[in-house]
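Trainee: So you can see what is in the structure, the chains are spelled out below.
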Amino acid sequence: MTEPLVILSGVVKRFGDFTAVHHLDLEITAGEFVAIMGPSGCGKTTTLRMIAGLEVPTEGEARISGRLMNAVPVHERDTPMVWQSLALFPFLNARENVEFGLRMRGIGAAERRRRAVQWLERLEIGEFAERNVETLSGGQRQRVALARALVTEPPILLLDEPLSALDAHLIIRMQGVLTRLQRELGITFVYVTHSQSEAFALADRVVIMSRGRIVQVGQPREIYRAPANRFVAEFVGRNNILSGISRGDVIETALGIFPAAGLPAADKPATLVVAADLVRIDRTPTEGAIPCTLISEEFVGATVTLFLEAADGTDLKVQLPERALGDLNLHAGGRFHLSWPADAGHVLAEG
Amino acid sequence: MNRFALAFRLPIIVWQGLFFLGPLFFMIAMSFFLVKNYRMEEAFELKNWARMLTRGYVWDSYWYTLGLAASVTVVATLVAFPAAFALAFRVSEATRRWAIFLLIIPFFTSYLVRTFSWYVILAESGVINVGLGTVGLGPYTLLNTPVGTIVGYLTLLLPLVVILQTIALANIDRNLVQAARNLGYPPGRTLFAVIVPLAKTGLIIAALFCFILSFGDFVAPYYLGGSKPPTLPILIIDTTKSGQQWPRAAVVAVMMMLTLFAIAATAIWLAYRKRSAA
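From first to last, the protein sequence lines stand for chains A and B.
Okay, so the first sequence: first residue is 1 according to the working numbering, each after it adds one.
Okay, so the second sequence: first residue is 352 according to the working numbering, each after it adds one.
Worth flagging that the hints you see were computed from the coordinates, not collected in a lab.
Using N, Cα and C, we set each Cβ at its ideal position, and we do this for glycine too.
Be aware that one or more of the hints could be misleading.
Stated by the list, open to error - Partner residues aside, some chain A positions facing chain B, computed with beta carbon under 8 Å:
1) Phe15
2) Phe18
3) Ala52
4) Leu54
5) Ala71
6) Val74
7) Pro80
8) Met81
9) Trp83
10) Gly101
11) Met104
12) Arg105
13) Asn132
14) Thr135
Extracted from the complex, chain A is given alone in its bound form (with noise of 0.2 Å):
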């Protein structure tokens, strides 16, 4: 296997008091579209800013294609950057943005304005060339971002949290465009988001982090699947989450006794985790279904989340489509009961 393009081993970054990164290991492999996903402040910025130079680390080596990139200036440095704000030069226009990275190359006057006419035309905004940036829509500015960065043709593309500022509609489609940019370049994405749609609907790999740390490496559907803590089954889509103690091959909570695979020695604490659209919702009881009073739905077009509460207080969520809400009758208030089949639960081996 050839080495990987990005190597961060044992990175620390401390801003004064404040640690942002604690020792943290990553490999990116040339090719690769890599997500780092975390809530608010745990770091994932900080990463992709050490990997373009902006940061440098406390501690730790940060290499790229086997160089170590430590000292080595942000200028010197082939790692392009798509800006939250987009950071767009608004006293140039779409086409002299686009330039503006090859200027540095001592490339001509013609062949920089062709090859940044035809990234223009390739992200389908070549008449909107000779245009103030800031006419542009988000759409339109977004799509000269990316072609500022990729005209130089680096290895790697870095790209922090750069859909944010677009509604819904515009969000799926960008997503349609870096995903087959990325595709028909065959260059490395670092992606950095919050939102775990984009995360998942984008990247190979998703690094989840949390306070400085990474929680859990992997393909999206793992992650989903078998969140690998309690952090990450919480932060990861819409899951229950029980504690309980192992009792060999069953667990015990406070809503009572299920079977599980994968428990730890019995007497040990564990926590099952149940994705909510795994969650049969009834009317009426059935062997083991726990008793529910309904307290409100969340309605997001095809599919229906629905919060219910347990006797003894515990939160439960059922996810389901739509059109399966059939002759629930659904109100506040309404008595339900909840039940998963024997293979639906995760065991994080943990309290």
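Got chain A; can you put chain B on it based on the hints?
Mentor: Just chain B, lined up with the frame of chain A:
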């Protein structure tokens, strides 16, 4: 406009009308008056204009004053920039606030007093020449030279230019500066490719203030610069003193006003022009 809006605006309209527009029109009118037996007479003659515009000493003064103001604008802009850059990019927000406060303090003292204090420093027997004398140099003539005038102008203008430039630079979006670095621009190139264009409006306004205030200043050239040739403000005063020639002085004043209008209009156009021709 409703009545209340008018009522709010009325004081400023009346004030400007009485004390700015009125005197301005009177001055323009006066430039066509005549003086006979040391008394001004209302008239509409082009004599004053013809006389002043054909006199070599008037044009000498004009170009000298224009050159001095332009030089001091260039010097102040260049000297202030590194300081403003450091205050905008290299220090904390709190330090910047203190620095701006300290830069305002000179304005607590009368400009005349500050100018006189330079007298003590620049004079033949002043601090600089005495100091240089102890190592066997000098004395140099610093007072009553263009150098003296420029030192005086800078005393007035440097703090102001530093403040205006600092504000212009501190308001730049840091992401744009980092974006240039990220796209391969070393610090020096980033300065000219991104920072100066982004701060352009503020930098030009600072330079414009510098030009206007030095072009019209009387104190520095009078006390530190001597009058060979006199700057236009000194020429105006001399003209009024010699034979009560207020109309001829008005001609010079109108010339100054027209020059400043042209320069201010050009500067504002440059400052707010959206895009470079490049």
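Trainee: Now tell me, hint by hint, if it's right for this structure.
Mentor: Hints, one by one, checked against the model:
no.	hint	result
1	Phe15	violated, 13 Å
2	Phe18	violated, 16 Å
3	Ala52	holds, 6 Å
4	Leu54	holds, 6 Å
5	Ala71	violated, 15 Å
6	Val74	holds, 4 Å
7	Pro80	holds, 6 Å
8	Met81	holds, 5 Å
9	Trp83	holds, 6 Å
10	Gly101	holds, 4 Å
11	Met104	holds, 4 Å
12	Arg105	holds, 7 Å
13	Asn132	holds, 7 Å
14	Thr135	violated, 10 Å
Of the numbered hints given earlier, the model fails hints 1, 2, 5 and 14; all others are met.
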